[in-house]
Structures are given as C-alpha cells and as structure tokens.
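Visitor: Each chain is listed here by its residues.
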Amino acid sequence: MSPDKLVYMANQIGKFFAHQPEEKAVDAVADHIRKFWDPRMRKAILAHVDAGGAGLDPRTLKAVEAVRASVA
Amino acid sequence: MSLIKEIDYGTPAPKSEAQVPLKQVTLTIDGYAVTVPEGTSIMRAAMDTGIQVPKLCATDSLESFGSCRVCLVEIEGRNGTPASCTTPVAPGIVVHTQTERLKSIRRGVLELYISDHPLDCLTCAANGDCELQDMAGAVGLRDVRYGYQGENHLNQAKDESNPYFTYDPSKCIVCSRCVRACEEVQGTFALTIEGRGFGSAVSAGMGEAFLDSECVSCGACVQACPTATLMEKSVIEIGQPEHSVVTTCAYCGVGCSFKAEMRGNELVRMVPYKDGGANEGHSCVKGRFAWGYATHKERILKPMIREKISDPWREVSWDEAIGRVASEFRRIQTTYGQSSIGGITSSRCTNEEAYLVQKLVRAVFGNNNVDTCARVCHSPTGFGLSKTFGTSAGTQDFKSIDQTDVIMVIGANPTDAHPVFASRMKKRLRKGARLIVVDPRRTDLVKSPHIKADHHLPLLPGTNVSVINALAHVIVTEGLVDENFVRERCDWETFQDWAQFVAQPENSPEASEAVSGVPAETIRAAARLFATGGNGAIYYGLGVTEHSQGTTMVMGMANLAMATGNIGRRGVGVNPLRGQNNVQGSCDMGSFPHELSGYRHISDATTRALFETAWGVSLDKEPGLRIPNMFDAAMDGSFRGLYVQGEDIVQSDPDTHHVTSGLSAMECVVVQDLFLNETSNYAHVFLPGATFLEKDGTFTNAERRINLVRKVMPPKQGKGDWEITLDIAKAMGVPMHYDHPSEIMDEIARLTPTFHGVSFKRIDEMGSIQWPCNEKAPEGTPIMHVGGFVRGKGAFMITEYVPTDEKVGPRFPLLLTTGRILSQYNVGAQTRRTGNVVWHPEDILEIHPHDAEQRGIREGDWVRIQSRAGATALHARLTDRVAPGVVYTTFHHPDTQANVITTDYSDWATNCPEYKVTAVQISPSNGPTEWQNEYREHSDQSRRIIPLSVQAAE
Ligand code: SF4
Ligand code: SF4
Ligand code: SF4
Ligand code: FES
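If you're matching them up, the sequences are chains A and B in order. Position in the first sequence (from 1) plus 3 gives the number in my numbering. Position in the second sequence (from 1) plus 116 gives the number in my numbering.
Chain A with its partners taken away, still in its complex shape (with noise of 0.2 Å):
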C-alpha cells in the first residue's frame, strides 16, 4: 500500500488531536489507528517508519510506533 498515503492519513488523525498533550494525544493517535486500521496498513506504516518514517508529523510518527505490538 503506498507509503504516501497512510502518512497523510495518519496525520490527519493526529491533527484532531494535535490540541491535547503529547502523552494522551500519542495515545489517542494509537488507538485509533489500532481500533480501524486493518494490519496490513499497520504493516504497510511500520514499514515506512522503518525505512526513516518521512513525512510523518513527530507525534503521529510515536503514535505509529506504539502501534507495532499490536502488529505481531
């Protein structure tokens, strides 16, 4: 799945949340992702991270990496 892609939609996720502090915004940003991201697309951004993770705004990117025990 193209890498461009999830980065723009993780963001976005972590701009409705970008006015909360850090901890619970990066927490909320994980669930979300956890709770309707089919794993692939988990894959798919672990991946990308992976590879230097670019594009992806700081916290969304811890968000993303919080993610990756749900992804065995």
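Among the hints, a few may not be true.
Straight-line C-alpha distance at most 30 Å; calculated DSS-like pairs for lysine-lysine [claimed, not checked]:
1) K390/B <-> K139/B
2) K503/B <-> K18/A
3) K18/A <-> K923/B
4) K38/A <-> K909/B
By construction, these hints were calculated from the structure, which means they are not laboratory data. No experiment lies behind these values; they were computed from the predicted model shown.
Could you slot chain B with the ligands onto chain A? The hints should help.
Guide: Just chain B with the ligands, lined up with the frame of chain A:
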C-alpha cells in the same frame, strides 16, 4: 387479502399546542352519546361513532373548508343547517345527520354537481373509487332534471403532461381538495382555483400544464381528489386494484409507508399509508410513482459469468454462477491468504440481507473485510455522535419538529433529498418556526412560497468547522450557554476545555468570515437566534459528513446542541438526514469492518464470544479493510475478490479512476444488483437481485424506525437477495439456515442488546419500532437521551478547524460541490428507468453568471470540468444559486460521472470521502471528453449478453 381502505374522518383530529391533553366534550348524534376532544368537528365526532355524514370537499388530511354543502346537519335549538365539517362539537348539543330537510337539500346539491358531470361512470377510471359516485348513491339521487343543453364543462381538454397522472377538467367538481393538499400537505403552492363561479377551474400555476408548473409530482393532490379528475395513469391503464399490502419505500432515508395496491401480481399503484410513522399519509414522486424500474426491460433476470471483463456475459444457471463464486473465492484465499477477499453490504437491501452479508464475510470468509456504502455518506455521523452522546444515530423522531422553534439546516437539501420530511418542516415553518440554513448554495428552503430563512450562511465548501466554532464562540462569549443543562447532563470538565477553546479569537465570527466568506454579523445573529429562540433542532446531511473534517463537524454540532441545552426532549436534537433507505439499518447491522451489530467493536472479546458461540466459528479480532482501503489493497495485490450486494461503487465512490483501477486489479468481482450497473463493467459474476416488492424484510429509517418491507409479488429472477447470500455460504462449505427473513431478525435481536425486543411479529403489531427496543424500552425509543445520555454524561470535544488540503489555486480556481435532485435517486439506476427522466435527463453544472462570463460560457453550453483527479464534460446552467467561485452538480448519470473529478481526500476518522469540496477549472468544450467516450465504449461492450438459448444452439 383485501384492499386496505383507511377510514376518512373528514377533518383532522384537533391538536393541542401546549402539550396538555384536550378537554373532552360529550354530545348526542342521532341519539348516541359521543365523547370527543374539544375542537373536533361534528363530522369527525359522527364518524367516530360510525355515522358517516355525506361529504365532498372534506377529507381528514386537510383542514375543513366548507364549500360543497353536502355535509349539512341539524342541531336542536340552532337555526339553519350548519356544515358538519366546519362546525365544532359543543357540550350537550343534539345533532341529527339525517332528516327529511337534510335529505332534500343534499339531493338538490348533488343533482347540480351531476348535471355538469359526464355520466360515463361505467368506463371511468375512478369507477369503484369515486366519492362523487358514492355520494350520489348515499343521498339517493335517482334522476337529474337539468340536461346537458346549457353551457357545461364536458368537453374540456385533458392535461396529460405529467408522466404519472392526468388532469381531466370535465370531471372536476371544484372542491379545492387538490389546491389545499398542495398547500397544506406538500407545501408547494402549485395549484390555484382560477376564475369564479361557473368559470372556476383548477390551474397549475399561470395556466401552465402540470409538467411546466411548480408541481413536484408528489401525488398529494391526486390522492385528495374525490373524482377521476386527477388520476394515476397506471389506474387508467390497468384498472382498480383489488388487494393491497403495506410496505416501505425503498428510496430514501425518510422511510415512507405505502400501500402497494395490486391486481393479482401486478402493481397498480403505490398509495402513501396514513398510519405510516414516518410519512403519515404523504409521499414524494419517487416512492409514489417511480417504481416502474421493477419491470423495466433492462432488468437482469438470469445469473451471468465471464472469464475476463472484456468478454461478453454468458447466461448460466444459478448453480453454475454460485459455484463459480465459491470456487473463485476459495481459490483466491488459498493463493493470496484468508484476508484477500471481502464484501460490501447494501444500504438499499434489507437489514436482514445486510446482516447476512457481514455474517458471510466474518463467519465464512473468515476475515472482517466488510463495509457498506454508508462509508461514503454517514460514517462520520456514527463516529461523531457516539463519541459525544454515546449512540451512532439521530436523536429525534420526525414528528418532534412540530415542537421546534428554531430549525437549523446544515449541508442538507431536504426539499430535494428528503421531500416528505421537508413538507413536515415547511408546515412547521409556516406556523412560525424560525429557520437558519448553512449551505454554500441557496437551496429551495432558503426561499420558497411562504418560507424564508431568517439567516442563510452561504459558506465556502470545506469551512463548516470554522462556522460551527464561530457559532459556539458567540454562544460562549455572550453568555448564552444553558449552564444548568450542561452542569446537570454533561461532563463539566470537557465543557470547560471546550468553552475555553471556542472562546479563542481564532474561533470568532470575524476570523471565520475570512475563511468561510460568511459575514460575521450573520453568524452572530444566527447564533443568538439558535441559543435564545426556544427549542432548537439541528438537521444535517452529507454537506456535513462528506468532508476531510466530517467527523469533527458532527462533533461540533453535538457540542452546540449540548451547550444550548437542546437535547433529550421533543423539538430539539441533532439529526442526520440519511440518504439511502437503509443507511441507518446497514450500519446498525454490523456492516463496518471494525464492529459487530449494535456498534460493538470487533476487538471486544465478550461480544466476539457471543457471536462465536451463536455462529459456531471463531472470529478474527482485527478490523478489516474499509472500501477505499480495499482499492488500495487491490492495487498492491493483497486483495483480489469482492462480493458487492446492491451498490454501484464505480459510480458512487470518489475518484473513479482509482476505483476502476482497484477493481480491474481483482480476480473475481461479484455484483448482485437489478441492472448491469457501472460496477458490473468490472465484474466477473453477475447475480440478479430482487426488488423491494419481491421480498420480506425490514428497513430502518433516519429516525431509527424499523419498518416492515412486505413481499407483494414473487421475485422475477427466482430468489430474494438473502437467499442468494445463503447459497454462497453453503457453496463455500459453511451453510447457514433460515426459512424466512423473520428468523434472521430473531437472531439479530438475540445478539444485539438494542434490538432485544424486535421481531417481525412485534413490528407488525406496533406498525413500526424505533430502536433501542428492549427490556428497558419495550415500546421503542422515539426520542433519545431523555434524562441522561446513553454514554452517561455528554462529552464536549475540541473541534479545531483544519483547512482541507484540497485548495483552489491558479490551475483550479473554483470549488465544486455535489448534491442531488428530487426526481432522481443516488446513482439513478432505478429512477433513470422510470418516467422521472422528464425532470432530469442529464447532470447539469451550475455556475455563477460572473464566473461563466469570465470564461465565455453561455447558458446550455458544453463545458469541461477538470480537477487534479480527472475531467468530464456536461452542460452548464448559469444561476446565482451558487456563489461566485463555487460550482455545483449532481451525480445521477453515468454519462457524466461527476466522481471522475472528485478526489481521494477523506475524513480523518472514517475515510468518508470529501465529495463536497473539489478544486476545479471550467472551460468551454464541444462535447464529451475522450475519457467519457472511451468509458461509454467499455460500458457498451460490458453489456453484451449471450443468452442461454443461443449457447444451447451453438
Ligand atoms: S402533485 Fe404535489 S406538487 Fe404537484 S400539484 Fe399535486 S400536490 Fe402540488
Ligand atoms: S381536481 Fe379533484 S380535488 Fe381538485 S377541485 Fe377538481 S375535483 Fe376537487
Ligand atoms: S420521501 Fe423518501 S421514503 Fe418517502 S416516498 Fe420519497 S423517496 Fe420514498
Ligand atoms: S364536506 Fe363539509 S362542506 Fe363539503
């Protein structure tokens, strides 16, 4: 089975404005003591006891008028013979409905009517259903002394311009019922009585034909007409029906109840049902008249398969088609993995059918790749309202609007998209409710006969959240918050955060004006009116949800309703107007990849266990792919097979190129539908579906009202859609067994707490049920969140305005927004195959004269519309309904394919596509684009069919 005839009480029941029960009055009618509420007419009181006073100009859907003088009665101690339809009851009066004097007056009146009426009763289309005939019989009219020698109306020309009904003035008795129906019931004011005395006649507008007038063909006048003057063409053609079955319209989310009036297995007409909870006897042109598609010659009745999408279709047996689906799906799973296939449930099929498709995906395919077209319309509603209130549905029933003082309509065009509800809304507005319209376009509600919005906020597409925050800003900073409500009912902490947020200067109306283009003063005035005008109710449509910030906007509206205390009683609330008939139902049934029926997340082990036990399988705990993700996954090769029940994703989903590339990359696409649609151009198996007339089931409308859909004729292709899904499950080796759709509902009720009390039997007894219906609410729940929110305390959410990335610039300087029109429905597959095409034969681009002039475009020119996603061409209409900088079109016709232009931007939370905002350029053109021509060709190729008979001969 017999023909259902509702009792006509002659005049409407009196209504109490103040919510207190009306005083009871006792009187005597023909020797019987009768007790009725104060304000009841004598006519109605008589009918209550079973005495039918003769009448012509009265009918209980209309206020009494008192013009025909047939309904006279005598009252002891009073002079004269008052009309019983206009005379209210009074305590202790003694009424006689049948005396020598009355008999003779009535006969005289009838004689006059009949003397100017053609006596061709035997061959008249209304024979057997004519109130004039009935009354002549009732008063014992035996001969007519006046001949036809004098001047009369017998040779007047018929107006047959409307595709569905005729107007034959020679039969008109000038009772004004039609005129009043158009005003009172429909609210269109198309008809008048022109002239006076003998010369008076009904006229549609300024002596125009019906088709050229303001008439929207709702049928209210036809139904109100006591004679054959206004008559359905289908009755003229076929004859009077002999039995009827109550069922539910399969078009829009209003969910009107109709009597399907039949002659044998032939549908004669659809007549709105007075006891229908959603429509109470009213209808629109679609449900009332546009059902001819069911027998259209293009309907596919045999299953078909083909190897490649460039091949012609080959008709095959059901066994072969189902066998192909099963073997292909299993082959794909073996090769590419368990999650390489999925399904799409239909928001047009029944609840039971949607439930079965998601069960097929979860229990038989063994994954959660199921989604529904609500993804592309109201998914943000579910998400936004569940976060703030705790349920994924609107809060009110339609009737609630009768007690609303300020109506706020946001991004919805009810007169076109939800016409029967719009009539109710207009009725309320004519009674004095105030109106705020938030819409880029000047919709009909903004200004139409006897309606004028107090405030119209013509915002630029994509700036909803900015405007809702500005409205909230005014309410918070000017001290208009209903603090008692918030303290008692809402989470105070979230309120404080929110209040602080909206009070910031960047959320002020002045700041919003800069982005939305709405004058700050208008925003302020609208906010003050909403907060202080009494009961405030918000109604919204896809102009809210179909945005990058769709979910945020839903939350913004919920915040506003809570802050002003407008939740939890009649007359208030936050209400989505749903597009398709069963959008609510398909969502309730667990059609989303992440949740089971009743909105329970698939990761919840307890819920999963419940279903695992019931179904005898183990379920995947991970959410599956949503529709747009399916196309992405198809492109990268991990998703290869799709079962689509009753949706046309190629035409209805955004960014057509992306959709068709995704579908082209799949190895087995199965389409189940009535017609070869645009999606079937990319399909390998076509399974012919059944219409709503051909199966039993339920639909759930926008008010959470579950209505029965009843089979009125056998399926023309042999099976209900639910049976087809069962066949696939069986062929894939996991049989499910149900003898009747009611058994599917029983299973849903067992497994879904909000449906525990629902069954076909119960719905049949109650007429309809609004969920939640369970131990706590055995009668259902018309109004939600009374006394407390479903989630406990209402939660305010921070809704920061994030501009969409779809921005105008030098290349694409205009904003395109899309919508729909009254006579057509969604992708138009049904309505395009009915008489409705006379109103909307093609999609048209609306453009402001200023923008048109700059580009050298004149009314009616072909124009090319280009976005970064694609281009198409259509005809232009110059109008100031749209603001400069904004253009508008509909998406009903595959030849235009407005979605070639829409982009793949989508809502942050739900991926609901941003249909409502696309940056475009418009330029003159000399005809369809190359892409349109190529597409047409592929589409024509895909409609080649080799019939079974020819195959046998080969
Ligand atoms: S069909 Fe409806 S809109 Fe048309 S004239 Fe009759 S009542 Fe009015
Ligand atoms: S058209 Fe029918 S309803 Fe209208 S005035 Fe004539 S008879 Fe009455
Ligand atoms: S308003 Fe909707 S449900 Fe009612 S008749 Fe029209 S299309 Fe059907
Ligand atoms: S029915 Fe009462 S006056 Fe016509």
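Visitor: Check the hint pairing K503/B with K18/A against an upper bound of 30 Å on the C-alpha distance.
Guide: The given pair, whose Cα atoms are some 17 Å apart, holds under the 30 Å limit.
Visitor: Can the restraint linking K390/B and K139/B be considered satisfied, given a maximum Cα separation of 30 Å?
Guide: Holds. K390/B to K139/B sits at ~25 Å (cutoff 30 Å).
Visitor: Are the Cα positions of K38/A and K909/B separated by 30 Å at most?
Guide: 23 Å, holds
Visitor: Quickly compare the C-alpha distance for K18/A and K923/B to 30 Å and report which way the hint goes.
Guide: At roughly 18 Å apart (the allowed maximum being 30 Å), K923/B and K18/A satisfy the hint.
When held up to the earlier numbered hints, the structure conflicts with none and fits them all.
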